[in-house]
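In this text, residue positions in the sequence shown follow this note's numbering: the first is 1, and each later residue adds one.
Hints are supplied without guarantee of correctness; some may be wrong.
Stated by the list, open to error - Simulated DEER-style distance windows between Cβ atoms: (1) 83 <-> 30: 19 to 27 Å; (2) 92 <-> 192: 44 to 52 Å; (3) 163 <-> 92: 15 to 23 Å; (4) 96 <-> 200: 32 to 40 Å; (5) 83 <-> 44: 41 to 49 Å.
No wet-lab data here; the hints were simulated from the structure.
Note that the coordinates shown come from a computational prediction; the quantities given were computed from them, not determined experimentally.
Positions of the beta carbon are idealized from the N, C-alpha and C atoms, including for glycine.
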Amino acid sequence: MRRRATDSDEETYPGRTEGFMNLHSILFWTLWLVWIIMEIIVNLRARSLRKQFPATTKADQGSVWFIFGGMYVLILIAFFLAMNGIGLMPTWVPFVGNAVMALGITMRYLAITQLGRYFSSTVQIAPGQTVIHSGWYRKIRHPAYTGGWLIAVGLGLGLDTWVGTIIIAVGLFAIYRRRILIEEQALVSHMGSSYSHYRQHTYHMFPWIW
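Make the full structure from the sequences, and use the hints.
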């Protein structure tokens, strides 16, 4: 995940020891594993539900591959920077990254659970789909993306590279923004005024920001 601690690291950031790094690594990789397992489970469940309730409208425009490919590249860049010790941060920051990852995983899972059979990794409209106003959806329209963004940003912090964290944060936001524009266009076309009204009283991903 990161390069080996050195004496110079200890001088620059007191506490950057092998024991410290091992504890962080255990937490980091555990959260990574939980995230991967969660994604597999929710997508398998979504695929099963789609067989029972086939989509009436499909309008993904390849955005799902843009998300997967973009996130993969961004994470690889962050790993490269971390392995080369570029952008090291104070020793407590990686633990904050773990907390942000945990928050993101929780938020994404709950948001997907609240969507139920309406969740899909691709942009498509399920039969009888209606606007959901409960839970995370009371304030933001795409909490699953917010959760995904938090996971990735937490990953950058956990990798101990502020350069990689910024690249991930900005890059993934741009990717999700494109996806949201495509998704909301499909939702407005399907739901009409009900979704338009919902948009007027909520934010895209971040309350009071966007």
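So, going through the hints one by one against the coordinates:
Restraint check, residue 83 to residue 30: a C-beta distance of roughly 20 Å satisfies the suggested window 19 to 27 Å. For residue 92 paired with residue 192, a C-beta distance near 49 Å keeps the hint of 44 to 52 Å intact. Checked against the hint of 15 to 23 Å, the C-beta distance between residue 163 and residue 92 comes to roughly 18 Å, which is consistent with it. For the hinted restraint 32 to 40 Å between residue 96 and residue 200, the CB-CB distance of approximately 35 Å keeps it satisfied.
For residue 83 paired with residue 44, a C-beta distance near 32 Å fails the hint of 41 to 49 Å.
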